[in-house]
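According to the numbering used here, the residues represented by the sequence shown are 1 to 496, in order.
Keep in mind the hints are simulated off the structure, nothing from the lab. Watch out, some of these pointers could steer you wrong.
Here are the simulated DSS-like cross-link-like pairs (lysine-lysine), alpha carbons at most 27 angstroms apart as the crow flies [stated by the list, open to error]:
#1 Lys297 x Lys343
#2 Lys58 x Lys186
#3 Lys298 x Lys397
#4 Lys489 x Lys133
#5 Lys98 x Lys82
Each pair of labels, with its calculated beta carbon distance range [unchecked claim]:
#6 Glu270 x Ser198: 47 to 55 angstroms
#7 Ala42 x Gly123: 36 to 44 angstroms
#8 Glu209 x Asp132: 41 to 49 angstroms
#9 Lys54 x Arg420: 54 to 62 angstroms
#10 Val239 x Asp471: 48 to 56 angstroms
#11 Glu3 x Val62: 32 to 40 angstroms
#12 Tyr483 x Pro63: 21 to 29 angstroms
#13 Lys343 x Val62: 52 to 60 angstroms
#14 Arg420 x Val62: 48 to 56 angstroms
#15 Val481 x Arg79: 40 to 48 angstroms
#16 Asp421 x Arg79: 37 to 45 angstroms
#17 Arg81 x Asp32: 19 to 27 angstroms
#18 Glu189 x Ala135: 44 to 52 angstroms
Backbone N, C-alpha and C fix where the C-beta goes; we use that ideal spot for every residue, glycine too.
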Amino acid sequence: MPERYKNYIRGKWVDGKTAKTFENRNPANHHDLIGLFPDSSAEDVAEAVAAAKKAFPKWRLVPAPKRGEVLYKVGELLRQRKEEIARMMTREMGKILKETRGDVQEGIDTAFYAGGEGRRLFGETTPAELPDKFAMSVRVPVGVCGLITPWNFPMAIPTWKLFPALLCGNTVVLKPAEDTPLTAVKLFEILEQAGIPSGVVNLVHGTGEQAGAALVRHGDVQLISFTGSTAVGREIAAVCGQSLKRVSLEMGGKNAEIVMEDADLNLALEGALWGAFGTTGQRCTATSRLILHREIKKQFTEMLVERAEKIRIGDGLDETVEMGPLINEAARQSVHRYVQIGKQEGARLLIGGTLYEEGQWINGYFYKPTIFDQVTPTMRIAQEEIFGPVLSIIEVKNFEEAIEVLNGTPYGLSSSIYTRDVARAFRAMRDIEAGITYINGPTIGAEVHLPFGGVKETGNGHREAGTTVYDIFSEWKSVYVDYSGKLQKAQIDNAE
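Given these sequences and hints, build the entire structure.
Shown next as C-alpha cells:
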C-alpha cells in the first residue's frame with residue numbers, strides 16, 4: 001500500500017476533510033508510486049487560514065532577531081538532511097542529483113541569509129521639520145500570507161517566500177505544487193522540529209483550481225505570493241485586485257543568450273548547454289533563444305549540435321546522467337506540440353524533436369534535447385514559453401539587432417550576453433529589458449542575496465530574494481514622536 005501523507009495545520013498532521021487524494025509518481029518511472037496526498041477542499045484551506053490568523057498576534061511580537069534564530073535552526077536541520085531530501089526530490093520530480101542538491105542548498109542559504117536579516121530589518125530616521133520632534137519609519141508584518149509555489153524548485157522557491165515572510169512576523173499557509181508535495185512535507189517536518197509555534201506555518205496540499213483558488217479568495221489572507229505561469233498569474237491578480245489584496249507574481253520567461261563575434265565560444269557553448277538543457281529546460285530562466293552573430297553562427301551551431309547530441313538522458317538518481325525527464329506526460333506533450341509548431345512555421349530542426357518511447361526510457365517522460373535553426377524572431381517558438389529542452393537559434397548581423405531581438409518578446413526575466421568588449425557589456429546591461437542580466441554567464445544561476453524577478457509579463461514589479469523581498473512581506477509605518485509638550489501644527493504656512 002502506498003503511504004498516505006497529510007496536511008499540516010495548527011501544529012499537527014491532519015487528514016483532509018474529504019477522503020479524496022491524488023497520486024504522486026516518479027516522472028522517470030511512472031510505475032513508481034511515491035504516495036497519496038490530500039486533495040484538499042476550501043474547508044481545509046479555511047481551517048489552515050484560521051490557524052494562521054490565530055497564531056499571528058503572538059508571532060508578530062516575537063523579536064525579529066529571535067525569529068531569525070529559528071531560521072538558523074531550520075537551516076542547520078536542512079543541512080543535516082540535505083542528501084536525503086535531494087534524493088527524494090530527484091525521485092519526485094526528476095532533476096539530476098547535482099541539481100536537487102543545489103535546490104536544497106538554496107533553502108539552506110536562504111535560511112541563513114534571512115536569519116541574519118533579523119538584526120537588519122532597518123527602518124529610517126529623518127529630521128523632523130518642527131523642533132522637539134522625532135520622525136522615523138519602521139517595518140510591520142502584513143498578516144496571513146498565502147504562498148503558492150511551483151514544482152521545478154520545490155525547496156528553493158517555497159523557502160524564498162516562506163523564510164522572509166516568517167522573519168517579518170507573518171504567519172503562512174503554503175499550497176505547494178501537486179507534482180512535488182513530498183518535498184513540502186519534508187520541509188514542514190523540519191519546521192516542526194525547529195520548534196516553530198503552532199499555527200505559524202500551515203501546509204495544504206491540493207490542486208490550484210480548488211485549494212489554490214480558495215487560498216487566493218479567502219478574506220483573511222492579506223497577501224498572496226505566487227510563482228508559476230503568466231496565465232494563472234493574471235487570474236490571481238484579477239481576484240486580488242477586487243479586494244485590493246497585496247499580491248506578488250513571478251511568472252514566465254522567454255530568455256535569450258547573445259553570443260557576439262568576439263566571445264569566448266567555448267565558454268558561451270557551456271552556458272548555452274547548461275541554460276537550455278539544465279533542469280530539462282524547465283526553469284522560468286531557461287535559455288530558450290540563442291542569438292548568434294552571423295560571423296560565428298555556423299561554427300557555434302556545429303559545436304552546439306555536436307555537444308547536445310552527447311547529453312546523457314536518464315534517471316536523475318544515476319550520477320552519470322546529465323538530463324532527466326519532464327515532470328509529467330502533459331508537459332511532454334506540450335513540448336512536443338511546440339516542436340510541431342516550429343516545423344510548421346518553417347524552422348529547421350537540427351536535432352531532437354522526438355519522445356523517448358523505447359528502451360530504458362519507456363516508462364518515463366523523457367524528451368530528446370531539441371535545437372531549431374533558421375528561426376525568425378516572430379515565430380511562436382521564439383515568442384512563447386515552452387518550458388522544455390527546446391532551443392531556437394536566431395542569426396543577427398550586429399549588436400543593435402541582437403538587443404532588439406532579445407527585447408522583442410512579451411517577457412523580461414533573464415538574459416545573457418557573451419562578449420569580450422567591455423563597452424558592449426555595459427550597453428547590454430543598460431539596454432536589455434529584463435530583471436536579470438548575466439555577462440559571460442548563462443541565463444540561469446540566480447543567488448539568494450540579489451533581487452529576483454522580471455519586467456513586462458514576467459511579473460507585477462515585485463522582487464523576491466535579496467533585501468527587496470522584505471518590501472513584499474512587510475508594511476512601512478511612519479512614526480512621529482513630539483516631545484515638545486505642546487501642539488505643533490504641521491502642514492500650514494507658518495508652523496506654530
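These are the hints, each one checked on the structure:
For the given pair, Lys297 sits about 21 angstroms from Lys343 by alpha-carbon distance, which is consistent with the 27 angstroms threshold. Only pairs whose Cα atoms come within 27 angstroms are accepted, and Lys58 paired with Lys186 is accepted, the gap being roughly 26 angstroms. Taking the CA atoms of Lys298 and Lys397, the gap is about 13 angstroms. The hint holds against a cut of 27 angstroms. Of the pairs offered as hints, the one joining Lys489 and Lys133 holds, with about 12 angstroms between alpha carbons and a cut-off of 27 angstroms not exceeded.
Our distance criterion of 27 angstroms between C-alpha atoms is met by Lys98 and Lys82, whose separation comes to about 12 angstroms. Between Glu270 and Ser198 the beta carbon distance is about 48 angstroms. The supplied range of 47 to 55 angstroms therefore holds. Checked against the hint of 36 to 44 angstroms, the C-beta distance between Ala42 and Gly123 comes to roughly 38 angstroms, which is consistent with it. One distance hint, 41 to 49 angstroms for the beta-carbon pair Glu209 and Asp132, is violated here, with the actual separation near 58 angstroms.
Taking 54 to 62 angstroms as the suggested C-beta distance range, the pair Lys54 and Arg420 conforms, at roughly 59 angstroms. The supplied range of 48 to 56 angstroms is broken by Val239 and Asp471, whose beta-carbon atoms lie about 22 angstroms from each other. Checked against the given bound of 32 to 40 angstroms, the beta carbons of Glu3 and Val62, roughly 34 angstroms apart, stay inside it. Between Tyr483 and Pro63, the C-beta spacing of about 25 angstroms keeps the proposed range 21 to 29 angstroms intact.
One distance hint, 52 to 60 angstroms for the beta-carbon pair Lys343 and Val62, holds here, with the actual separation near 58 angstroms. In this structure the supplied range 48 to 56 angstroms holds for Arg420 paired with Val62, their Cβ-Cβ distance being about 52 angstroms. Val481 and Arg79 have their C-beta atoms about 43 angstroms apart, which keeps the hinted 40 to 48 angstroms range intact. Separated by about 42 angstroms at the C-beta atoms, Asp421 and Arg79 satisfy the suggested range of 37 to 45 angstroms.
The given range of 19 to 27 angstroms is respected by Arg81 and Asp32, whose C-beta atoms sit roughly 21 angstroms from each other. About 45 angstroms separates the C-beta atoms of Glu189 and Ala135, a value consistent with the hinted range of 44 to 52 angstroms.
Violated hints, listed in ascending order, are 8 and 10; each of the other numbered hints is respected by the structure.
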